Structures are given as structure tokens and as C-alpha cells.
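Chemist: Here is what each chain is made of, one letter per residue.
There are 2 protein chains.
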Amino acid sequence: MAFVLHPRLMADTAGIADWSLSRVLLMNDKRFPWIVLVPRRPELGELFDLDELARGVLLGEVVRVGEHLKAWAKGRGGCDRINVAMIGNMVPQLHVHVVARVKGDPAWPGTVWGMGQAVSYGAAELSRVVAELRDVL
Amino acid sequence: MAFVLHPRLMADTAGIADWSLSRVLLMNDKRFPWIVLVPRRPELGELFDLDELARGVLLGEVVRVGEHLKAWAKGRGGCDRINVAMIGNMVPQLHVHVVARVKGDPAWPGTVWGMGQAVSYGAAELSRVVAELRDVL
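Protein sequence lines, in the order shown, are assigned to chains G and R. Going by the numbering used here, 17 is the number at position 17 of the first sequence; the sequence numbering is gapless. Going by the numbering used here, 33 is the number at position 33 of the second sequence; the sequence numbering is gapless.
The hints are simulated quantities; they were obtained by calculation from the structure and are not laboratory data. As the structure is a computational prediction, the values presented were derived from the model and not from experiment. Hints may contain errors.
[Unchecked claim] Every beta carbon over 12 Å from chain G, so not counted as near; a handful from chain R, in silico:
# : residue
1 : Ala11
2 : Asp12
3 : Asn89
4 : Ser120
5 : Val136
[As the list claims (entries may be wrong)] With a cut-off of at most 20 Å between alpha-carbon atoms, the simulated SDA-like pairs for lysine to any residue come out as follows:
# : chain 1 : residue 1 : chain 2 : residue 2
6 : G       : Lys70     : R       : Leu44
7 : R       : Lys74     : G       : Pro92
8 : G       : Lys103    : R       : Gly114
9 : R       : Lys103    : G       : Pro92
[To be verified] Here are some chain R residues pointing at chain G (derived, C-beta under 7 Å):
#  : residue
10 : Ala71
11 : Ala73
12 : Arg81
13 : Ile82
14 : Val84
15 : Ala85
16 : Val91
17 : Gln93
18 : Trp113
19 : Gly114
20 : Leu126
21 : Val130
22 : Glu132
Glycine is no exception: its CB is placed at the ideal position from the N, C-alpha and C atoms.
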């Protein structure tokens with residue numbers, strides 16, 4: 001079986017890049033700088049469905065996003081914390097959220113999942129942010 | 001500086017074990033089988049504050065908890081998904097949540113963080129669950 005991105009992730013995100021393991025996506029919600037990594041392997045649900053080697057690659061990709069997203073977000077509205085999560089209660093396909101959080105953002109100090117309604121980027125802004133993140137991540 | 005567990009984690013959890021990197025804690029909230037791993041190193045906030053070797057150890061410890069907690073929870077109320085998260089908006093000390101979730105639990109399909117009030121175990125039940133988890137994790 002080939003990897004196919006879950007339709008919910010397809011609908012809610014924009015593609016930034018394919019890295020060695022993961023597809024790198026921007027959540028289309030301008031309230032938060034919010035990246036989603038999806039390992040491009042079929043039939044994965046839990047972290048421990050990945051073999052040990054691939055788990056190490058995924059960890060490296062999470063760290064890469066976290067460090068660079070934090071630096072980038074600091075230059076915009078600020079960044080006090082990176083939130084990392086694998087949840088999958090709604091979208092069973094294994095995916096990792098990496099979200100830059102700042103004191104006073106619309107969910108602070110709570111979490112972003114299920115918090116209010118997403119605020120989409122405009123089309124031009126979405127393209128610009130995707131291009132910027134493709135460079136900095 | 002020595003490792004000191006953050007007072008909020010100290011108040012909200014019971015100790016299960018010290019593994020090679022992390023202190024393994026049970027969240028004192030019987031609504032969810034909920035483990036917290038805290039790397040026993042001072043001055044850590046973000047995942048990427050850990051050196052690469054220790055990050056790999058932490059990942060192994062997360063996988064170990066996830067697999068065994070899922071099997072254990074299946075024998076109790078069931079387990080449809082393991083949620084894993086590093087948040088740290090309220091407790092800055094680096095810690096990882098590993099939570100067994102089942103369809104129909106009090107937060108499903110939402111996340112557990114900030115969801116309602118914790119329901120403490122009774123003292124005897126807490127000791128029993130800690131002892132069980134010390135064996136199975």
C-alpha cells in the first residue's frame with residue numbers, strides 16, 4: 001500500500017515539503033504557528049507502529065521543526081514554548097503536532113486542540129508563510 | 001545543580017520508578033490511565049534542550065510506556081489510542097504525558113489537558129495502581 005494523506009489533514013493544512021520520513025504541513029490556522037509532520041508510510045497509527053530506526057528519524061524531524069519554528073516565531077509574535085503532541089483521537093493516521101505558543105495567544109495557557117475555530121490564512125498569506133517556512137525549517 | 005521535581009508535578013502525581021533517564025509518575029486522576037515521564041536532569045524545558053543521545057533514550061522510554069500502558073489499559077476499561085504530548089505551558093520543566101484513551105472516556109475525542117477536574121484515586125487504590133504499573137511498564 002502507498003502512503004495517502006488522511007483527508008482531514010489534507011483539508012486542514014498546506015504542504016511545505018517532504019522530508020526523509022515525514023510530509024511537513026502547515027495547519028491553516030493563523031492563530032498559531034502550527035506544523036504537522038506525517039510519516040509517509042501506510043497503515044501507521046501509534047508511535048510504536050513505526051520501527052525503531054524510523055522513530056529516531058521522526059524524533060530528529062520533530063526537533064528540527066521545533067528549533068526552527070521557535071526561532072521563526074520569535075521574530076513574529078514571539079514564542080515562549082513549543083508544544084509537541086501525537087494525539088490521533090480524530091485522525092487515526094500517525095501525525096505529530098508542533099505548535100509555537102506565546103503567552104497571551106488565543107489558547108494560552110491551555111492547549112490548541114479543539115480550542116475554538118481555526119482562522120484560515122488568506123490565499124496570498126498562506127503561500128507566503130509556506131514559502132517562508134520552507135526556507136527556515 | 002541537581003534534578004528537583006517541579007512542585008506542581010510533585011503535588012499531582014505518585015512516583016512509580018526511576019528509569020535510566022526519566023522519573024516515571026502516575027497522574028493522580030483516575031479518569032485516565034496517565035503516565036508522566038520527567039527526565040532527571042536539571043534546567044530542561046524543551047525537548048531540544050536534551051542532547052541527542054538523551055533524546056533517543058527518552059523516546060525509548062516513551063515507547064516503552066506507550067506499549068505497556070496500552071496493553072494494561074486494554075485489560076481494564078479498554079484503550080483505543082495512546083496520546084503523547086510535551087506541552088509545558090504551565091509546568092516549564094520538561095515532561096512527557098502518555099495517556100491511554102478509550103472511546104467514551106470523559107474527554108473523548110478531545111484532549112485531557114485542562115479538561116474538567118481531576119478525580120483522585122483513593123489512597124489504597126493509588127498504591128495498588130502504582131504497584132501494578134511498576135510491574136507492567
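Chemist: Have a go at the Gln93 of chain R hint: is there a Cβ in chain G nearer than 7 Å to its own Cβ?
Modeler: violated, 12 Å
Chemist: For the hint on Arg81 of chain R, just tell me whether its beta-carbon gets within less than 7 Å of chain G.
Modeler: holds, 5 Å
Chemist: Identify whether the interface hint at Val84 of chain R stands, where standing means a beta carbon of chain G within less than 7 Å of its own.
Modeler: This interface hint holds because 5 Å falls under the 7 Å limit.
Chemist: For Asp12 of chain R, is the shortest beta carbon distance to chain G beyond 12 Å?
Modeler: Its Cβ never comes within 12 Å of chain G, the nearest being 15 Å, so this holds.
Chemist: Does the interface hint hold: is Trp113 of chain R within less than 7 Å of chain G, judged Cβ to Cβ?
Modeler: Result: holds, 5 Å to nearest chain G Cβ.
Chemist: Between the alpha carbons of Lys74 of chain R and Pro92 of chain G, is the straight-line distance 20 Å or under?
Modeler: Roughly 18 Å separates the two Cα atoms, so the pair holds.
Chemist: Against chain G, run the beta carbon of Ala85 of chain R and see if the smallest gap drops under 7 Å.
Modeler: holds, 4 Å
Chemist: If we take the beta carbon of Val136 of chain R, is the closest beta carbon in chain G still more than 12 Å away?
Modeler: holds, 15 Å
Chemist: Using the nearest Cβ pair, does Ile82 of chain R come within less than 7 Å of chain G?
Modeler: holds, 6 Å
Chemist: Holds or violated: the hint that Val130 of chain R contacts chain G, with Cβ atoms closer than 7 Å.
Modeler: Where the cut-off is 7 Å and the nearest Cβ of chain G is about 23 Å from Val130 of chain R, the hint is violated.
Chemist: Can you confirm whether the C-alpha distance between Lys70 of chain G and Leu44 of chain R stays at or below 20 Å?
Modeler: holds, 16 Å
Chemist: For the pair supplied as a hint, Lys103 of chain R and Pro92 of chain G, confirm whether the alpha-carbon distance does not exceed 20 Å.
Modeler: Status holds; Cα separation ~13 Å.
In this structure, the earlier hints numbered 3, 10, 11, 16, 17, 20, 21, 22 are contradicted, and the remaining ones agree with it.
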